[in-house]
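**Q** Keeping their order, the protein sequence lines are chains S and B.
Residues 133 to 487 (my numbering) make up the first sequence, in order.
Residues 25 to 345 (my numbering) make up the second sequence, in order.
Read the hints as simulated data drawn from the structure, not as lab findings.
Any given hint might turn out to be false.
Within a straight-line C-alpha distance of at most 30 Å, the following computed DSSO-like cross-link-like pairs (lysine-lysine) qualify [stated by the list, open to error]:
| # | chain 1 | residue 1 | chain 2 | residue 2 |
| --- | --- | --- | --- | --- |
| 1 | S | Lys452 | B | Lys250 |
| 2 | B | Lys278 | B | Lys187 |
| 3 | B | Lys187 | B | Lys325 |
| 4 | B | Lys325 | B | Lys141 |
| 5 | S | Lys477 | S | Lys452 |
| 6 | B | Lys104 | S | Lys452 |
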Amino acid sequence: MNKVKKITGMALFLPVFCMLLVMLVNVIYDAANGNFAFNFFTISVRNGILYGRLIDILNRGSEIAILAIGMTLVVSSSAGTDISVGSVMSLSASFCCMLLAGYGVASASTLAMPLFLGVLGGILMGCVCGAFNGFLVAYLNVQPMVATLILFSAARAIGLLLCNNVIVYVRNDSFGFFGSFLGPVPTPIVIAALCILVISLLLRYTALGLYIQSVGINKKASRIAGLNSEKIIFLCYIVCGLCAGIAGIVASSRITSADSNNIGLNFELDAILAVALGGNSLGGGKFRLAGSIIGAYTIQAITTTLYALGVSTEQAPVYKAIVVIIIVTIQAPPFKAFMKRMSDKRQLSKGGAAV
Amino acid sequence: MKKQICLFICIILLLSGCGRLETNDHVEPDSGQDSKNLIVVGLSQVGSESDWRLANTRSYRETFTEENGYYLIFEDAQQKQENQVKAIRNFILQEVDYIVLDAIAETGWDAVLTEAKEAGIPVILSDRFVQVEDDSLYTCWIGSDFEEQGRQAGKWLKDYLKKKGRDEEIINIVTLQGTLDSTAQIGRTEGFRQVLEEQKNWTMLEQQPGEFVQAKAKEVMEYFLKTYPDIDVVVCENDNMAFGAIDVMKEAGKSFGKKGGIIVISFDATDAALEAVKRGEINADFECNPLLGPLVDENIKKLEAGQEVEKIQYVDETYYD
Numbered sequence: 133m134n135k136v137k138k139i140t141g142m143a144l145f146l147p148v149f150c151m152l153l154v155m156l157v158n159v160i161y162d163a164a165n166g167n168f169a170f171n172f173f174t175i176s177v178r179n180g181i182l183y184g185r186l187i188d189i190l191n192r193g194s195e196i197a198i199l200a201i202g203m204t205l206v207v208s209s210s211a212g213t214d215i216s217v218g219s220v221m222s223l224s225a226s227f228c229c230m231l232l233a234g235y236g237v238a239s240a241s242t243l244a245m246p247l248f249l250g251v252l253g254g255i256l257m258g259c260v261c262g263a264f265n266g267f268l269v270a271y272l273n274v275q276p277m278v279a280t281l282i283l284f285s286a287a288r289a290i291g292l293l294l295c296n297n298v299i300v301y302v303r304n305d306s307f308g309f310f311g312s313f314l315g316p317v318p319t320p321i322v323i324a325a326l327c328i329l330v331i332s333l334l335l336r337y338t339a340l341g342l343y344i345q346s347v348g349i350n351k352k353a354s355r356i357a358g359l360n361s362e363k364i365i366f367l368c369y370i371v372c373g374l375c376a377g378i379a380g381i382v383a384s385s386r387i388t389s390a391d392s393n394n395i396g397l398n399f400e401l402d403a404i405l406a407v408a409l410g411g412n413s414l415g416g417g418k419f420r421l422a423g424s425i426i427g428a429y430t431i432q433a434i435t436t437t438l439y440a441l442g443v444s445t446e447q448a449p450v451y452k453a454i455v456v457i458i459i460v461t462i463q464a465p466p467f468k469a470f471m472k473r474m475s476d477k478r479q480l481s482k483g484g485a486a487v
Numbered sequence: 025m026k027k028q029i030c031l032f033i034c035i036i037l038l039l040s041g042c043g044r045l046e047t048n049d050h051v052e053p054d055s056g057q058d059s060k061n062l063i064v065v066g067l068s069q070v071g072s073e074s075d076w077r078l079a080n081t082r083s084y085r086e087t088f089t090e091e092n093g094y095y096l097i098f099e100d101a102q103q104k105q106e107n108q109v110k111a112i113r114n115f116i117l118q119e120v121d122y123i124v125l126d127a128i129a130e131t132g133w134d135a136v137l138t139e140a141k142e143a144g145i146p147v148i149l150s151d152r153f154v155q156v157e158d159d160s161l162y163t164c165w166i167g168s169d170f171e172e173q174g175r176q177a178g179k180w181l182k183d184y185l186k187k188k189g190r191d192e193e194i195i196n197i198v199t200l201q202g203t204l205d206s207t208a209q210i211g212r213t214e215g216f217r218q219v220l221e222e223q224k225n226w227t228m229l230e231q232q233p234g235e236f237v238q239a240k241a242k243e244v245m246e247y248f249l250k251t252y253p254d255i256d257v258v259v260c261e262n263d264n265m266a267f268g269a270i271d272v273m274k275e276a277g278k279s280f281g282k283k284g285g286i287i288v289i290s291f292d293a294t295d296a297a298l299e300a301v302k303r304g305e306i307n308a309d310f311e312c313n314p315l316l317g318p319l320v321d322e323n324i325k326k327l328e329a330g331q332e333v334e335k336i337q338y339v340d341e342t343y344y345d
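Please put together the full structure from these sequences, using the hints given.
**A** As structure tokens, this is what we get:
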């Protein structure tokens with residue numbers, strides 16, 4: 133009993149549990165269909181690259197995981213969400229492709245400038261957007277939802293302007309690298325892992341994580357304690373923009389084009405959801421980065437599972453919503469309190485019988 | 025400090041406003057139009073989602089020029105139906121002479137087309153069809169026979185398999201469908217299905233929408249390959265989805281195309297896809313003629329002369345393999 137409690141009491145128990153639940157559905161489905169029960173988990177090497185459902189989830193979930201990093205920091209520091217990340221992804225992808233193909237060119241097979249510069253430009257564009265959001269939130273005290281609403285609606289349109297209203301194709305293999313493979317491993321997985329590593333090292337070996345949490349818990353008190361609250365919030369938004377920029381490059385590299393209308397569409401919702409699924413409060417303050425990352429991959433696992441169950445892509449969002457409702461309910465404090473009351477009651481009746 | 029910031033934001037808003045105006049070709053048509061007696065045409069285009077669409081837009085732009093006696097107001101709907109409804113309302117307000125509509129979805133047009141009819145503006149539908157209660161709401165429809173394209177694809181596959189001596193084998197087929205409820209998706213799926221039903225040895229394993237875009241098609245194709253180990257044919261309802269499918273098959277090390285392995289059938293026959301046909305990556309590509317401009321022009325000329333036009337008109341199409 134004590135052991136169970138110890139495990140359920142662990143910080144990341146619920147996010148991990150939810151993820152396992154989603155995987156269990158796959159195992160049951162495979163077994164019911166007469167396939168090898170652990171089909172879902174098998175990873176093989178085919179054609180020199182890793183191949184398997186788990187790899188697909190890690191690969192496809194990279195963008196959401198990268199976004200979730202930035203989103204976690206923003207939520208924690210400013211008690212609000214950045215709803216512009218999806219649009220910013222699209223903008224940085226468009227800007228990067230515009231730089232690489234040259235303005236007004238719809239399809240280019242030779243790069244107009246070095247790959248490095250184009251990608252850097254795209255990522256910088258993300259940072260600029262993040263700085264704009266951060267400036268509004270931190271220094272002008274605009275509500276985060278309202279401040280980021282500006283770029284939510286504008287960034288995609290700016291991207292279209294940059295691309296002259298067409299889908300810009302960069303048909304060059306070197307640009308496709310960020311969406312294809314690094315050795316046997318899909319590059320997006322490597323990029324996501326690097327982003328997670330850098331940020332978590334930064335949070336672990338500097339006091340930044342502590343600062344962000346204290347600003348999120350009480351902005352005024354932290355300032356009195358000597359922290360520059362505005363600067364910290366500003367920084368968080370820049371990191372969020374940076375993440376959106378990187379995610380945008382990955383997304384556009386996958387299709388070697390800048391499809392402004394579709395890149396990052398509805399990703400802001402998935403990113404916010406990832407933070408919530410990770411057991412982080414959207415009211416700011418304490419946060420667990422690992423939770424958000426697990427949340428991000430859980431979302432992708434749900435999507436992939438729905439494909440495996442044969443749900444049509446058009447209907448998938450409905451089932452996704454149902455699963456999310458269940459997961460969020462399990463994690464909600466009133467539900468947890470209810471479960472605790474129930475177990476206490478059981479304990480009590482058991483104890484009573486003994487006496 | 026605060027004042028400066030306000031000013032800064034105002035300027036940014038102003039600037040972004042200007043930009044949009046320019047790209048949407050949202051220019052008032054009144055200047056110089058009466059003196060030259062130009063025919064004002066309002067064109068509501070779906071978006072710029074595929075190479076086909078770009079070629080289609082180019083065809084209109086090249087046809088409706090001032091030299092040909094037209095003034096074109098072009099509205100790009102960015103793949104949103106509400107933008108198209110808005111655009112048509114604008115055309116009515118601007119009192120254009122003709123409205124050319126390339127509808128994003130087939131349903132939901134009764135109200136706005138009734139408004140156009142009441143304003144006395146003839147509506148010419150191009151490429152995609154609409155379903156309205158009263159078919160006098162549009163003058164005519166000009167476009168591709170998508171069902172015929174689907175049938176052609178089916179027949180081609182039948183002949184191809186016979187040639188390869190595989191007409192007795194079990195043939196497993198998957199389809200990457202277009203956006204559900206779009207004319208191209210409905211027609212191509214239905215046309216192919218008609219041939220499919222006649223063949224006892226063909227099985228359609230699954231059809232999933234890939235929304236006509238490469239990224240979505242990649243995701244769906246990845247799933248197809250993992251779920252069904254022995255796919256013989258993949259039918260992609262446009263070229264961009266075919267590119268997505270090809271990417272995935274390459275990554276998974278599957279053989280495909282003319283060299284054997286999975287047979288790839290695609291529709292639209294854009295330039296980039298024809299190169300892929302030449303390289304042998306796509307087995308057959310069924311043309312969807314994007315050059316609708318001249319046909320629409322012909323019809324407008326007839327209407328101007330007071331002649332009747334046929335309600336349904338198809339363009340000539342072929343295929344490449």
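**Q** With reference to the structure, classify each hint as holding or not holding.
**A** Hints versus structure:
With a C-alpha separation of about 21 Å, the suggested pair lysine 452 (chain S) and lysine 250 (chain B) falls inside the 30 Å cut-off, and the hint holds. At roughly 23 Å between alpha-carbon atoms, lysine 278 (chain B) and lysine 187 (chain B) fall within 30 Å of each other, so this suggested pair holds. Proposed proximity of lysine 187 (chain B) and lysine 325 (chain B) is contradicted: the alpha carbons are some 47 Å apart, above 30 Å. For the given pair, lysine 325 (chain B) sits about 19 Å from lysine 141 (chain B) by alpha-carbon distance, which is consistent with the 30 Å threshold.
The straight-line distance between the Cα atoms of lysine 477 (chain S) and lysine 452 (chain S) is roughly 34 Å, outside the 30 Å bound, and the hint therefore fails. At roughly 24 Å between alpha-carbon atoms, lysine 104 (chain B) and lysine 452 (chain S) fall within 30 Å of each other, so this suggested pair holds.
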